[in-house]
Each structure stands twice: as structure tokens, then as C-alpha cells.
Amino acid sequence: MTGPLLRTEALTRVLPGEVPVTLVRDVTLEIGRGEFVAIMGPSGSGKSSLLYLLGLLDMPTSGRIWLDGQDTAGLDEDALAAIRLRHLGFVFQFHFLLAEFTARDNVLLPMRRLGALSAREASDKADALLASVGLAEHAHKHPSQLSGGQRQRVAIARALANDPKVILADEPTGALDTRASASLRDSFHDLAHRKGCSIVAVTHDPTFARAADRILYLVDGRLQPPERAAELFQLSIR
Amino acid sequence: MIRLAATIALSHLLSRRRQTLVSLLGVTLGVAFFLAVSSMMQGSDADFIKRLVDNSPHVTVYDEFREVRPQPALLSFPDAVVEIRSQKPRAEVRGIRQYKEKLALIADMPRVRVAPVLVGQAIVSFAGKDLGATINGVVPELMTKVSTIEEHFVAGSLETLASDTNGIVIGTGLADKLGVGMGKNLTVTSPAGVVRIMKIVGLFRTGNAAYDDGQAFVLLKRSQSLLNRPNVANRLILKLEDPDLASSVAGAVEAAVGYKSQSWQEASQDLMSLLKIRRIMMYSVVGAILVVASFGIYNVISTVVLEKTRDIAIMKSMGFHARDVLVIFLIEGAVVGLAGSLLGTGLGFLMMLGLSRIEIKTPFNTEPTSLPLDWGLFPVALGVGFAMASALAAAYLPARKGAKVHPVDILRGAA
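Chains as they are written, first to last, in our numbering: chain A, 1 to 238; chain L, 1 to 415.
It should be emphasised that the hints constitute simulated quantities derived from the structure, not laboratory data.
Note that the structure is a prediction, hence the values are computed from the model and not measured.
Quick reminder that beta carbons are idealized off the backbone N, C-alpha and C, glycines included.
Take the hints with a grain of salt, since some may be wrong.
Unchecked claim - The calculated lysine to aspartate or glutamate pairs, modelled on DMTMM-like cross-linking and capped at a C-alpha distance of 20 Å, are:
id, chain 1, residue 1, chain 2, residue 2
1, L, K404, A, E77
2, L, K401, A, E77
3, L, K404, A, D220
4, L, K404, A, D78
5, L, K177, L, D130
To be verified - One-sided and incomplete, this derived list gives chain L residues near chain A with beta-carbon spacing under 7 Å:
id, residue
6, S15
7, S317
8, H321
Looking at chain A on its own, in the form it has when it is part of the complex (with noise of 0.2 Å):
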């Protein structure tokens, strides 16, 4: 299929209440196939915000996203849920694993929910992605184990276990160390330009941003225009 892989229209998410919230606002864009989109803006400007109704987490006040040329409005949530387990895959902050389970265990979740793969072509590519973010002698540790880096690999380790067609990401760096980051960046990197996989990550972090193929800068909820957005980064890294 041509086009872009994820489209929106509008968007906006507004938070009821006695005052409501506008946390995203009329934001319409594009993401193409194999393409490492960053997502920047000041705190409280609705990067997260964006992101979970990108993922499908949160349903638009108004305004309609398409992935791959699916419209998402009016799909239940069971509909939903199938589309985030074949083709979306979330990498956050913290890397929320399960603790009682191990690293291979963790990645092999999405995949025995799909059912798509026999135990053993499951557990073969379990290892075989956690062999692909140099986790391969670590397969069998809880995530008590692990240190903060490699719990992050194991969690983009298991993002990428349904084949996902797009990566979603929030703060993936924010509890990493330079070197961990500067890992996690190169790995998003190659996801997006070696594998397709399109790559949207919501940072704070212009160093990681500018490994991205196009930084989207967010004010107030509304997507600021390109020339805006690369004002608004010049002067993020100052």
C-alpha cells in the first residue's frame, strides 16, 4: 500500500470537566513508511497526549487517524486492541515490564496474545530480538536483574515482537544514561531506515531528536509549521 503509514485529521482531545482541558488541538499530519519522526515541546504541550491518541489508547474529542489506510473512527475497543497488538508496538519512559516474568518471557507476551507463532518459532524469535539489542545472555533474567538500559532494550525487544509497522515511544531516554541513550537512538535509527519500521518518539532530549527524520514541535496542544518548529528547537538546545 502507497501513502502515508499514519494520518491524522484535526485531532483534537479535549479532557472534560468542570474546566475542560484542551490537550490536543487540530493537529493534521503524516507519517510515512520507515520514517523516524520526533515529537518535542515544552511540558504540559500534549506530546504525551498526542502520542496515546496516535497509539490508539485514547479516542479524539473530534478529528479521525488512519493507519495504513484504516480509518480508526467508530472501531469498539476490542477492534482497537487487535490493531495495537498486530501493528503498533510502545516503548515508555519507564520500561514497564512484568516483573514476575523473564526478559524472554516479556517479549514473548505480544506474541502468545497473537497466537500467531508455535512455541517454539515464538521462543526461537524471543531470542533472536533479544539477540538484536545485545541481550542474548540475559533471555532468562527478571527484570530486577537488568539494568535500566537493557530493561529498555528488552521492552523495544518486545515492541518489535508482532512485527509492529509503527514504534511508539515516550521519553524511550528519560531514565537512560548518555550511553544508553545514545544506544536506544542508533537502534531506532536502524529500525526505521534498515527494517521500515516507522519510529514516532515523544522526547525532551534534542541530542535524540536529532537522530529523527523530522522533528514536530508542539505549543498548547496545536503542532507548530516546520520553520516554527525548527525556531523552537534552535532554541531548546540552548
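Fit chain L to the given chain A structure using the hints.
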């Protein structure tokens, strides 16, 4: 998915070992006590009903009617508007009319045994002591087929009456009160003024003091002459091969002979109601144990849901459905319920084994008896079913809460 859900559920339970063990122990003890107590109650109910059925007639035909028969004046003038006072009412002749024909009619029914009895009151005297007694005129050969009285004889037998027409059989209670024994002569005086000297040819002891103190057996013909009611019987006693059919047989007999026929169930309605109430009380108490045990399950699963909210959020973001989360926590409840039920069943049987070894000596039994227990599968099925139902109900509330977790709320809070 079920295997994956079970894996996650087990990992949750194992992550809180101590709490899981406590709730498991609760269910185990609940099921064990449920089993032991309900087996004891079911057993004693069955034993009680067996004694009731064995020791009383299955159907009794009385010399009376369900509805009082109208007087001839009313039958002659059913639409009369004037009441005639001081008319002489028709007197009912007590006793079952043409009882021999009715006896033959009932005896022809399949799987039914029947015996006639003439019951009346008399004064039994010995050495200046006068005591009231109920005289049962019986045909020994028929009576032994419908009654268990023979099993309670301590001396002589009912059959002896057949060879000694002046013989009388009394209870040991009555004998003790009169101070008489086997072979002694008693003076029996009926309300009709007939006096007979009768020889004690048998003594029985049923253990029921009222019966042993007040009942006596003589030949039917002797009681007819004593009570001055020749060729009359006022009871027909039926014993059935299947006591459970007593109600329908009683209905058929009543329709055939016209006299009131009462089944043992109808005669013991108060006792049956009492048993029912006792059963409800018992199940309420032992059921409460399981309900309390289910609070333990609720507690452990609620805690797990609370602790694992973040995991639920991440699983849902991965693509797990709300019902997957529900299933995971329901499996946790089911695992605790099932494991507790299995352990509880084992422990319950051990308790029943212990109870069955307790020997009780009753005043009227020389042989010690053990507690009546029901070893059937019904109490097990009931206990396990109840435990599983309460475990799932206890798990459902926190499971539903877990299933409703909105990932964004949790992810936003954690970020």
C-alpha cells in the same frame, strides 16, 4: 489465550505467596467443615427418615372421612331456607365397614402388605394398680408383615398371641409401672364395661417411652369382644416395598375404600418441616464459612489488581482486551477456589473418617452406634460448587475493576 492468562494468573498468585496461602487455607477449611457438617446432617436426616419409615406404617387407613359427611336433612333439602332445629342427627358407627372386603381389595394391590387393627382404650390393673393403655387388636401373622414391633421384643413374641387367645403383649414401661412380668395375669377393663383376665405372653421395648408405657397388643378377635365391637377394625396398616410411593398409594387407597388414608409423609409433616428448617440452618452456617473464606480471595485479588494496575495498563496497550484481563483475575479466583476445594475435600473426608470412629451409647441400645454420615458425592458436589461460586464471585469484583483500567490514566500518572 487461556494458557497465557493462566500463566499470568499463577505468576500473580505466586508473587503474593503468603496472602494466597491464607486465602487458600480459608477455602480449604471452609470446604472441609462444609463437607463434614453437611455429611453428618445428611446422614442423620437419612437415618431419622429411615427410622421413621421403618417404625411407622407407610399408609394408615382410618375409620373416618376427610370431610364430615352431611346430615340426612341437609342431603334431602340442600336448597332449604328454613332451618329445622332439634332434629336427631344420624350417629356415625365407628369402625371401617366391611373391613375384610377392603382388606382384600388393598391386599390385591401390587407391592403392598396390609393388616387390620382395632384400636381402643382400656384400664389395665394388677395388684390394685390401674393404668390406662391403648389396646391394639391385631392378627399376628399379618401384623408381623407390616410392623417392626417383633424386632423390639425382649420376651415372648407376637406370634404367641395366636396360640394363647387370652394372651396380651405389653411394653416394658407399662410392665415396670405395674410391677409385672412374663406369665402374670392382668385385669383388662374396657370402656364398654367388659372385663377380661389376660396373661402376659410378650414384652417389648422400643426405646420410645410413651409407646412402651402405653401400648398393648391382643388378638383382633379378643379386642373386638373386649371393646364390644364385633367384626370391626378401625385401622388398616399398610407397608409398601417403596416407601416413597406412600403418598400416591394413600391417594389410590382413599379413592378405592372411601376412608381417610394417610401416608407417612402426611403424618410426619411437622417432622419433615423440622428437618427442612434444620437443613436450611445448617447450610446457612456452613455456607457462611465459605462466604467468609471468599473474602480472603477478594482480598488477595483486590491487592493484586491494585499492585498490577500498571501491568494491566501495559498489557492493554500491547493489545490485550478488557476480557483478557477479566479472565486472568477470574482464573486467579478459580485457582484458589479449586485448590482449596480439592484440599478441603481431602481434609473433609479425613474429618468424616474421624467422626465415623466416634461411638455413641444410647440408653436403649446395648451395642454402641456410630454417627450416621452420608458418604455420597452430593455434599462434596455442593461444597465444591459453593466454594467455586463464592471464589469466582469474590474474584469477579476486583477482576471487573482491573478490566476497566484505562491505560492512558495509568500511563499519564506514571510518566
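Each hint tested on the structure:
1. L:K404 x A:E77: It holds: about 11 Å lies between the C-alpha atoms, which stays within 20 Å.
2. L:K401 x A:E77: Holds, because 16 Å separates the two Cα atoms, which is no more than 20 Å.
3. L:K404 x A:D220: violated, 30 Å
4. L:K404 x A:D78: holds, 13 Å
5. L:K177 x L:D130: holds, 10 Å
6. S15: holds, 5 Å
7. S317: Holds, about 5 Å.
8. H321: Status holds, d = 5 Å.
The structure fails hint 3 only (numbered hints given earlier).
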